[in-house]
Each structure stands twice: as structure tokens, then as C-alpha cells.
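Peer 1: Just so you know, the protein sequences line up as chains A and B, in that order.
Going by my numbering, the first residue of the first sequence is number 199, and it counts up by one from there.
Going by my numbering, the first residue of the second sequence is number 199, and it counts up by one from there.
Simulated from the structure, these hints should not be mistaken for laboratory data.
Owing to the predicted nature of the structure, the values given are computational and were not obtained by experimental measurement.
Treat the hints with care, as some may be off.
Since copy identity is lost for identical chains, a pair holds within one copy or between any two.
To be verified - Restricting the straight-line Cα-Cα distance to at most 30 Å, the calculated cross-link-like pairs of lysine-lysine (DSSO-like) are:
no., residue 1, residue 2
1, LYS518, LYS239
2, LYS450, LYS518
3, LYS431, LYS466
4, LYS478, LYS466
5, LYS245, LYS518
6, LYS327, LYS431
7, LYS443, LYS291
8, LYS424, LYS478
2 protein chains.
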Amino acid sequence: MDNKWYETSGKNGEVVISTRIRLARNLEQYPFPIRCNAQVKQEIAEKVKDAVLNSNSVIAPHFSCIDIDNIDAGEKVSLVERHLVSPEFISEKSQKYLLLLDDESVSIMINEEDHIRLQVMREGFDLDKAYEQASRIDTLLDERLNFAFSDTLGYLTQCPTNLGTGMRASVMLHLPALQSTKAMRKISENLSKIGLTIRGSYGEGSEPTAAMYQLSNQISLGISEKTAIDNLKNITKQIIAQELKTREALAKQLSVQDTIYRSEGILKSARLIACDEALKHLSNLRMGITTGLINNISLDTINRLMVEIQPAMLIRQNGKPLSSQERDAVRAELLRNNFQN
Amino acid sequence: MDNKWYETSGKNGEVVISTRIRLARNLEQYPFPIRCNAQVKQEIAEKVKDAVLNSNSVIAPHFSCIDIDNIDAGEKVSLVERHLVSPEFISEKSQKYLLLLDDESVSIMINEEDHIRLQVMREGFDLDKAYEQASRIDTLLDERLNFAFSDTLGYLTQCPTNLGTGMRASVMLHLPALQSTKAMRKISENLSKIGLTIRGSYGEGSEPTAAMYQLSNQISLGISEKTAIDNLKNITKQIIAQELKTREALAKQLSVQDTIYRSEGILKSARLIACDEALKHLSNLRMGITTGLINNISLDTINRLMVEIQPAMLIRQNGKPLSSQERDAVRAELLRNNFQN
């Protein structure tokens, strides 16, 4: 397998797992997907695929096209686990395609809520580079497709909350210290006043697993991409500083050290482990690494494992179906192999 | 410190931690302790001390005398933790003394329920040797003291349940497999029909900690010492066989292996650990060692630690008082030092 973007940690990797830019675009001459029949959606898909795969861009040959309607359930779920598609995208069959770059850093969902959902992901805290790359691909698409655009409103999208720039910029943050000191609620309230939102990873409504939070801009109308990104960037810097300071204080507590070292002990020795439990321990280990309590494990390893231990990823790697207990055994083995010596 | 009897494991050590013989004796010319005033009890104590310490026996110089009324609370509790005295023995001041052999295998409580409670403990399954040694010391005492004895009843004791031989023979058994398969209740019911009793360690009424059970004879009247011991011996052999067979079956289960290896991981990594939790993991480790799942740890280490991690033992070893959290930290450190590498 090629190396994937999520296998390395990036800038401010102690807190920021990844940066994501998502652009929503629609083709001018067609209704939004919800109002298209299968034939029209297929027509849209062909146009978008052609615009990417047959473009003169140097990255065009590095894209592959996944026909979502014709892959098995496990493969679908593993796309969600890698944050490449939304859970909604795999929930029903209807001319859905995913254009995916080799290293999985760029994914283009076709016929999701909008005709096009372009997503760029990068390791660590890297909003500028992520936006730059998203823009480049946006321009590439724009050259060959007519985007629905209004001079007064900006890009037109099915949901009004995406109108304007059509952009969501977000960072995935690991906030174990702020979470454990119950600071998240207050932070969340303050953020909403300035047009940002923070929520547990894996999209809206979910509970924070392993202290992972997605911080994103909420406003796309009447604001430039640059302003939105700068806003997110400044707040992220403040949260990073707050998290690191809190971690430093917590790491001096024997009870916190106990929790971290126990997590290491369990990951090195368990023979059966459920995904949620493993994520909790990996989260503790991450905090241990960044506070200097644990030295012989890299953040890269943790980041990679947080993806690889997901159920569908395990099945994908295993090459054949696994029962729940078999999965827990394979997961425990994978973790032991990564941590023992 | 000298080596103590509990620092090694003995015959059938995979199941039998220790063997104990206890003889209750009283001096003919005095009432039972409960009916003696302080002065009379002191007189009794002097006679018993003299009989042991000033005897011509080769072991006499290896006994020391502890004045229970004049040691601190921690030292008292640590005597209970080492199973050298009963919890009742340390609960009130009243001319109580403990004569203790260097290696702590022989202890003589003076002015407990009876004037004399002689106890011999040995590692592993060793009823004959333990009884032989108890008899030898009993004879030694008998030469210099007049025991209350009735030709029809045998030795006279305060509580009628000890009348006759005045003997309790017992084995401390580690029964994690039988416990986990819920077999103990049925076993207990059957044993009571044949004059034996099984209960959690640390005396009557307590719950089994770390799957430790004390199996003992209940009948002392109208039965010879030899018959009582043979009876206990046969039943113990059956329980050992049953426990080992059940362990073998359980050890094939991945969930059991998981529990055992996790316990090892936690003992190697915790920074804070309460006594009960540590005992639970040590019990799991013991089962892991005897089923071949864990190879680099000896039963001797486990047996020794099960005593050393007790609260008062930790404080005694530490030489100064410890708060509850400090104790948990010292205990975790002691365990890590014993298990790492």
C-alpha cells in the first residue's frame, strides 16, 4: 500500500491531528442531487469524473474513481473511518462516486448533498497549504465545468448554511486535558459566538471519542475564504496553547501518570480489545508522548493506529470477514505488534 | 530481614499456598482468659513465656516475644496480614503476647480466647510436617505446663467447638478457576456435610479476596488428630485436581488469556494501585503462571508480594507513616520493581 496522509503527524501534531478544507460546488445546468433522477445524476457524475480524470493536470493520473454503489459494505464503512466520505454518502445507492487521490489527501464526493464535495486533508495544523491545494483543484474543475454561482450570494449550494464560499475549514484536535478538566463546554459556548463550532469527531451529533474534536468555521456567507481561515487559525492557536498548558499541569499528577502508563500496559498486553477502549488508551498514550512521560513511541504510530484499528479497516486489512470477537483479537494483536519492543 | 516461610512456595504450590495447624491449650490451674483479671493473665503469660523461652529445646533461642499491648497499631495489623495472629487478638489490650519463631512459621498467641493458641504454618501442602512440628512444640509446653485435659473430652477449651483435640488443621487454597465457574457454593455445601468448612481468606465471615480460600476441619471432638488430618488431606487432593482441570480448560479461552495478560500489563505499569486491585491481578498472574501462559515470573514472587503489598506491611517496610495515596504509590512501585525485566 502507498503511504497515506494520516500516517505521519504534522505541524503542532501534539494537538492538531489534521486540517481539512471542504468546498461545496454545483453544476449550473442541473438541479441539486435531491431533485435529479438516476439518469441525470449519472450525467453529472460523468462530467465531474471527466473534468478530473481527463484533465491535463499533473495529478489527474493519481486519482482513482470508486463507484460507491458497487463496493461492499465493509469497504464503504472503511471510507468513513478514514474520514474520506460522510456517513450520509454511503447510506443509499444513487450514482455516487468518489474520486480519490493516491495518498487519500484529496477526495471528491460526487452526488452527495451537492454535486461536488471537494475535500483536502493534511496532517497537522496546515490551513494555508490545505486551502491552496483545494483552490488549485477547484480551479481545475472550474475550467471544465460551469459552477452555479451568484454575484450576490456566491456559490450556490443545496443547504443555505453552505451558501457563499461553500467552504468549511476545520481542524481535528486532540484535547484530552481540556476534556478532562471539563473545560470543553465553556469553550464550545464561546466559540459559537464567533462563528466557529467544535464537536466530537466523526461528524455532527457524535460524542467525542478519544478526546478528538473537530473545530470548524460555521459562516460561509458574507465572509471571504481568507477571513474565515484566519479566524479559525487564530482560535486554533489559542486552544493549542490552552491544551498544552493544561496537559503540562496534569502530567505532574500521579493519578494522570497512572492512567497513562496503565493504558500503555494494557495496549501492550491485551488479547481482546474493543475499538472504543483501544481509542481511549491511544488517546492517553498520545498525551503521555506529548508530555514526555512516554518516550519510545511516536505520534505517527498513534495516528496511524487510530485509523487502522477501526472495525472496517481491520476487516479490509484482514481480507476476509471477522466476527466481533475475532476483530477484538486482531485489533489487540495489531496493537501489541506495534508497541512491544 | 531473615527469610520468612511465606517467601517460598511449597508442595502443590500451584493451588495450595500454605498449610496451618493450630492447637488450643489451657493451663489447668487457671480459668479461661475471659474470666481472669489482668494480674492473673500476666501470671499465665509469664508461665507460658518461660516454658518456651527458657526450655532446653534447640529452637528456644529462635523465639522472640512480642508484647502486643505495647506495639503500635501498624505493627499489630501487619501481624494479621502475615496470618500470625487473629484479628481479635489485636483488638483490645490485656496481657497479650506473641511468641514468634525467626522465620514466622511458628507463633504462639498467649491470652487469646484460650491461654495458648499454638500455630504452625508451612508453605504449600504439608499437613504431616506441620502437624509433626506442632506436636513437638506441644510436647515441649506440656513438659513444663499442666494442660487442662479431661479423659472423656480431651483438651478443654473456652469454646466447645474446640473441645477434644483442640486442633484446627487448614490449607489456604488459591481457587481462581473454581471461583470463576461459580463452583464454590456447591463445593462448600458438600464439604459441610463431611465436617469441613471452606471460607474466604483472613478468617471467618470475610469475602474471598484474590480467590483465596481457607479449607479446615470443623470437628475436634470424638475424632483423632490423624483422622482429621487424613480427611482434610484427601479432600484437598480432590479440590486441587478439580481446580487444575478447570484452570486448564479456562486457559484455552481467549477472554481468560486476555484477563491474565492485562493483569500482567497493569502490574508492570500502574503508578497507583489499591491493595484489593493488586491482589486481584496477582491472583490472575498466579493462574497465568500455573497454566503456562506466563513464564518469567515465579510463584514465590507472587506469594511474597501478596503479603508485602498489604497496607501495614508497606508502612512497616517504609519505616514511616503513609497516606492512602502514598501507600498506593509505594505499592505500585514495589510491584513494578518486581515485574519489570
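Peer 1: Checking against the hints above, which ones are violated?
Peer 2: Failing hints, ascending: 1, 3, 5, 7, 8.
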